[in-house]
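Colleague: Residues per chain are reported as follows:
There are 2 protein chains.
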Amino acid sequence: MSQDITEALRASLGDSLLTDPADCHTYGYDNSKLQGQPMAVALPTTHEQVVAVVRACYEHDTPLLARGQGTGTTGATVPLDRQSVIISMHRMNRLIELDRDNRLVVVEPGITNQQVQQTAAGQGFFWPPDPTSAAVCTVGGNLAYNSAGPRAVKYGTPRENTLGLCIVTGDGRTLRTGVRTTKGVVGYDLTRLMIGSEGTLGIITEATLKLTPLQPAKRTLRAEYRDMHSAAKAVANIMASPVTPCALEFMDGNAIDMVRDELAGRLASDTGALLIIEVDGLASQIDELAEQVSDSAKTTGCLAVHQASNEAEVAALWDVRKALSPALRRVAPKKINEDVVVPVSCIPVLVDRLSEFSKTHGIHIVNFGHAGNGNLHVNLLYNPDDAGQQKRAEACLEDVFSTVLELGGTLSGEHGIGLVKRDWVAKEIGPDSLQLMHAIKRQFDPKGILNPGKALPPID
Amino acid sequence: MSQDITEALRASLGDSLLTDPADCHTYGYDNSKLQGQPMAVALPTTHEQVVAVVRACYEHDTPLLARGQGTGTTGATVPLDRQSVIISMHRMNRLIELDRDNRLVVVEPGITNQQVQQTAAGQGFFWPPDPTSAAVCTVGGNLAYNSAGPRAVKYGTPRENTLGLCIVTGDGRTLRTGVRTTKGVVGYDLTRLMIGSEGTLGIITEATLKLTPLQPAKRTLRAEYRDMHSAAKAVANIMASPVTPCALEFMDGNAIDMVRDELAGRLASDTGALLIIEVDGLASQIDELAEQVSDSAKTTGCLAVHQASNEAEVAALWDVRKALSPALRRVAPKKINEDVVVPVSCIPVLVDRLSEFSKTHGIHIVNFGHAGNGNLHVNLLYNPDDAGQQKRAEACLEDVFSTVLELGGTLSGEHGIGLVKRDWVAKEIGPDSLQLMHAIKRQFDPKGILNPGKALPPID
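Chains F and C, in that order, are what the protein sequence lines are.
Quick note on numbering: the first sequence equals residues 16 to 475 in our numbering.
Quick note on numbering: the second sequence equals residues 16 to 475 in our numbering.
It is worth saying that the hints were derived from the structure and are not from the lab.
Treat the hints loosely; a few may be bogus.
Treat identical chains as interchangeable: a pair holds within one or across any two.
To be verified - Straight-line alpha carbon distances no greater than 25 Å define the calculated SDA-like cross-link-like pairs of lysine to any residue that follow: (1) Lys313 / Thr227; (2) Lys350 / Arg97; (3) Lys442 / His62; (4) Lys337 / Thr61; (5) Lys442 / Ser299; (6) Lys233 / Glu409; (7) Lys233 / Thr259; (8) Lys349 / Tyr44.
With the sequences and hints as input, model every part of the structure.
Modeller: Structure below.
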């Protein structure tokens, strides 16, 4: 069988098909550290080749997984079956059209987020989604996970910033979804259904992205708080005020402790939580906007608000946040990094509970993330090679997820589900909804060949 | 059969079921002027009653149409079959919760848009969708059609401003879709799939709406242009600049002519197009924001930009626009009002083509609408009781729709499809997409009882 499918793929792809196990190996992992071995890797450069690949896989009942640059953290692009074909979209990386007057850009999915930003900036625009991995991650991947980043607090996620898609379904049909305009209500919204579906419904071959004008000025502030309770009050206060920040990031006390040395006394010693806040606007107005947001940030328990007045000071304010990831990796290279979301007002409750769980399970937990969206990156620092620690971390994670759901939150804000959170989905989504989602998938992908076993838990 | 279903409905609804033909008659129309006669009208007050109504209709294979206040313009709530049951949601009109810290409001679908705005305003917020009928139209209707209004140009449509829904599917399952947070990527996006589906997938019994902080100040401007070409250049220019207006409305030359007398010389005589522009922001900054947008509006062909400096002047600027609808109704009470959308840069091409069609078909056409979204309300003024005129109007509409699609536009921006545009949908959406949409509908509504024959054209 693997001979047949390989020949079918070769016929449309020629040299753009990898079958040597060593070549294939490098396409079988993502940033979850999970690894699988695909049978073949397709490297299409055209929509027609994608159609041919899907049809060949459909014909031969072969699992097909689309991937970009492998920056995902959930194993969504890791093959579970050694008969799988990976379709790597990184060669379909053209920017097809930038239409200033209609504020849109048409791209292929393999283009990096950064390339889009650079080209758009040349015309005075940006595309709001800005994951930390923007320099290397692809737009296709951003759409697959609905990946956002700090700017989502003001400008939204891919679902709010994508006008239309061209996709290939699991049986090789080509569909154009959505519109080229910012309004449209003809037929059902298949564009948003595709976004966040992790390659389980179709393979995106083109995307029409909505652009937003760049603001001429930005100001960065760091607000320090006694504890997360006072920081969360400030977040709610800021979000209820007319000046919506374009970033509203937080770090809890444990996160601050990780980098306290590197901050060389720049933080007050009793700082138990901090916010990094950015506002954007017209250059002539940015002082007042920063002043307003600074006022909103000064709730009870606020120890200090620092404002950067030049580029070097901006860099210094972000240093705290940027020093964190390397520090975490030094302590625990195989840490679990979750990206749960809770209503903003529940952030302090969650952080308190996480502190309890940390004690109960003996796992060090460090939290930071996108406060304005209630999106917490919960980092469990442990050594998975220690069986005891591994078991305690799993039990701890179970408590974390249960608490998130109890607080009316959701298991993932921007990383997606993939493999690693898949078995948790049924705790958030009821059995009827889950069955309906599977039924919808079957309409797109009748044989279930597209990224099987990901995103949704299997049902009976 | 009608006896059986009536008894089943009576069992759960008691007095909240209307069966007298005269009572039912008033629930069989909408603002399309179409009218049908339902067999019964259910007036539920609880989610459980909605479930009971759906189950009874499912059991008895009876068409079921949800409606709000009947302000829709497409016949989407008009029964096609005399055995239909109407479920009128207007008694489910509670505001369940307003959560300031999490910027959301939970409502039942029968609440009016205005009630939501009033309650939200008390806490310093608004819900962006603002159809002209806001005073009477329901949130459920806004969600069913993805109805927006002028503010969408800055703040988006219901799809960008709804976090989650509670729905009842066509076989009586209750599903909770979405989240209570502004990020979330667990499972497929059923919330947006529901929005704009015109009651064909499920009946909404509760909606969690995302609120936005009110801006303290607003400024209104009227910009006059020689023709639509120069006005459209200004629109593109404004939309590419950092200050995005919160309304960007236009009127073409014919629209201006309709109200020129009432303007008593306030417009320059050679004004061939005008824009009404609103900006919002901090009170201390609004002058500069208005100045910036005014600068962006001053493209070649701009004759004048007037800025209101007080409430009376704001009213005077809007008078032009508001005088239009009554004037149109006086001339042609049964006019066709379309709401096509084209890319902003194509507005002048469309307006020119409309002018040609007007001559070819002998039908007077007046255009106004939401320029920032490319959303044109194309009004065909004619007398449908005159068979010749009716035929010419239909032929004209055919040309209008073909042109819109040729320009990369869409048939509806905010009115939806209902019955009146249904047979046009297949020209915009390819057969594969249409089949997939029908297949998706079957997963929500296996017997096809929910608003049959609406929104999507039938397929073989």
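Colleague: For each hint, tell me whether it holds in the structure or not.
Modeller: Results of checking the hints against the structure:
Taking the shortest alpha-carbon separations for Lys313 and Thr227, only the inter-copy value of 21 Å comes in at or below 25 Å, while the best intra-copy value is 30 Å. For the identical chains of this complex, Lys350 and Arg97 are neighbours neither inside a copy (27 Å) nor across copies (63 Å), given an alpha-carbon limit of 25 Å. For the identical chains of this complex, Lys442 and His62 are inter-copy neighbours only, at 23 Å across copies versus 38 Å inside a copy, given an alpha-carbon limit of 25 Å. For the identical chains of this complex, Lys337 and Thr61 are neighbours neither inside a copy (38 Å) nor across copies (51 Å), given an alpha-carbon limit of 25 Å.
Taking the shortest alpha-carbon separations for Lys442 and Ser299, neither the intra-copy value of 50 Å nor the inter-copy value of 49 Å comes in at or below 25 Å. Taking the shortest Cα distances, Lys233 and Glu409 never come within 25 Å of each other, neither inside one copy (41 Å) nor across copies (53 Å). In this homomeric assembly, Lys233 and Thr259 come within 25 Å of each other (Cα to Cα) both inside a single copy, at 13 Å, and across copies, at 17 Å. When the C-alpha separation of Lys349 and Tyr44 is checked against a cutoff of 25 Å, the pair qualifies only within one copy, where the shortest distance is 15 Å, while the shortest distance between copies is 63 Å.
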